[in-house]
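Take 1 as the starting number for the sequence shown in the numbering used here and just add one per residue.
Careful: at least some of the hints might be erroneous.
[As the list claims (entries may be wrong)] In silico PhoX-like cross-links for lysine-lysine, where the CA-CA straight-line distance does not exceed 25 Å:
#  : residue 1 : residue 2
1  : K441      : K470
2  : K470      : K331
3  : K36       : K19
4  : K298      : K327
5  : K331      : K364
6  : K437      : K420
7  : K441      : K369
8  : K470      : K383
9  : K437      : K383
10 : K298      : K329
11 : K3        : K55
12 : K81       : K33
13 : K327      : K146
14 : K36       : K55
15 : K441      : K367
16 : K369      : K425
17 : K298      : K331
18 : K19       : K60
No wet-lab data here; the hints were simulated from the structure.
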Amino acid sequence: MEKLEKLLERLDYTVVQGKTEIEITELVYDSRKVTKGCLFICIKGAVVDGHTFIKEVIEKGAVAILVQEEVEVPESVTIVKVEDTRYGLALVSAAWFHYPAEKLRVIGVTGTKGKTTTTYMVKSILENAGYKVGLIGTIEAIIGDKVIPANNTTPESYIIQEYFYQMVESGCQCVVMEVSSQGLMMHRTSGFTFEMGIFTNIEPDHIGPNEHASFEEYLACKGKLFRQCNIGIINIDDEHWEKVIEGHTCKIETFGFSSHADLCATNTHLIQRPGYLGVAYTTEGLVNMDVEIDVPGKFSIYNSLTAIAICRHFNVTQDDMKQALQKAKVKGRIEMIPVSEDFTLMIDYAHNAMSLESLLTTLKEYKPKRLVCLFGCGGNRSKLRRYEMGEVSGRLADLTIITSDNPRFEEPQDIIDDIKIGISKTNGRYIEIIDRKDAIKYVIEYGQPGDIIVLAGKGHEDYQEIRGKKYPMDERVLIQEVLKELSR
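With the sequences and hints as input, model every part of the structure.
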């Protein structure tokens, strides 16, 4: 129970009717979950508008309603009006959980790519140094021993505050979280200050009807983070970095390959052994040390450099950083699976043309005997994605295996035929094997010495979605089953 006036203490609001000295039993922003004595927050969504459910929520027992539009209700109900109910939800939620973010050091990472891997690297380094760290991201939220699968990269503000509260209760001192531009635009991260805000990079992604109207708006949304943090840590190599920090109110530090960066990566070189691909480099500037990570590619340097830029603020020794970066693993992000002394096999989440191109280009730098790419495309999604991914794999891989990936309500063969349209624009060799396990068996059975084989698209997912139902399917399990079958 909490007094309504206490929940509204950090908001600018107008009491349209009723009084704010009343007791509130719960905060609710989904009309289906209304309980007796609750405060209902009317959220205007892309599809549903909470204001249209007011009659129903009052019948169910809501005693107060937070609105941003004029509404008509019985006089027994308190109506409080604010300019933006999404912002209202964030501040009321923070008050409801007694401002848990003020008891945590909160690190927020925004950018088109690299958010997930960077957050896991930071968690790994800080835990190695003895901190208890919470995490909120695309794959999951981690609170102590509890793991909660994620729906959105950045959850609704109420859920973030609830996670922060649980983190404080379980003894966390810090939390590292992915911050999407959608999350910033929808005030999901309003109501608290980040100790650090990090910008990794930006590419014209997420522009569309239910996302961002334009690239300019996308940039502006990312920039909100730097008016809500104490220290901004910025990738100076990204051509848009100055635009992103326009109007910032934080202290700025930079990282990158540029000699102008406060923390700079130099002397980079690739490391390769059977079943192992890695990269090594030296940091100069704010931290001076040699680093090796067993994840290939230039973006791995960026991700680890970002993590070092963050963790140097936490009294972490260089040895702690080096050890942690060696073992920081993200499920399904260039995840090496040891299957043979002869070739390298990995699982990766690359599921659009941009991420697949980035991955295959990186792997080509290791000069494999053959680069083999196995992938499919999801059903009931853009056909353009299929053509583009087909074209990228046909152009960059020596052999493409086209297979199934969440066919949903489409026929797997129809999806494969679309991918083939893209491949046909190239001279790339391909084979089609509809069943994903059979496809994996094929690449392992016919793997040649010096090959790099990548299973793309599923990554951390452990299901296959067919006709509205999710069936268990984890590529790690499939690989072990295949190895057993082949050993017989």
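Going through the hints against the structure:
Between K441 and K470 the alpha-carbon distance is near 22 Å, which keeps this suggested pair within the 25 Å criterion. Pair hint K470 plus K331 holds up; C-alpha atoms about 19 Å apart against a cutoff of 25 Å. The suggested pairing of K36 with K19 holds, with an alpha-carbon distance near 17 Å, which does not exceed 25 Å. At most 25 Å may separate the alpha-carbon atoms for a hinted pair to count; K298 and K327 meet this at roughly 18 Å.
For a cut-off of 25 Å, the pair hint linking K331 to K364 stands: about 22 Å separates their Cα positions. For a cut-off of 25 Å, the pair hint linking K437 to K420 stands: about 20 Å separates their Cα positions. Proposed proximity of K441 and K369 is supported: the alpha carbons are some 19 Å apart, at most 25 Å. Distance check on the hinted pair: K470 and K383 sit about 22 Å apart at the alpha-carbon level, within 25 Å; holds.
For the hint linking K437 to K383, the alpha-carbon distance of about 24 Å falls within 25 Å, and the restraint holds. Proximity of K298 to K329 is assessed by CA-CA distance (about 17 Å); at most 25 Å being required, the pair is judged to hold. Using a Cα cut-off of 25 Å, the hinted pair K3 and K55 holds, with the two alpha carbons roughly 23 Å apart. Of the pairs offered as hints, the one joining K81 and K33 holds, with about 21 Å between alpha carbons and a cut-off of 25 Å not exceeded.
At most 25 Å may separate the alpha-carbon atoms for a hinted pair to count; K327 and K146 meet this at roughly 21 Å. Taken as a hint, the K36 and K55 pair is honoured in the structure, with Cα atoms around 14 Å apart against an allowance of 25 Å. Only pairs whose Cα atoms come within 25 Å are accepted, and K441 paired with K367 is accepted, the gap being roughly 24 Å. Proposed proximity of K369 and K425 is supported: the alpha carbons are some 23 Å apart, at most 25 Å.
The suggested pairing of K298 with K331 holds, with an alpha-carbon distance near 19 Å, which does not exceed 25 Å. Distance hint between K19 and K60 is fulfilled; the C-alpha atoms sit about 20 Å from each other, no more than 25 Å.
In this structure, none of the earlier numbered hints is contradicted; all agree with it.
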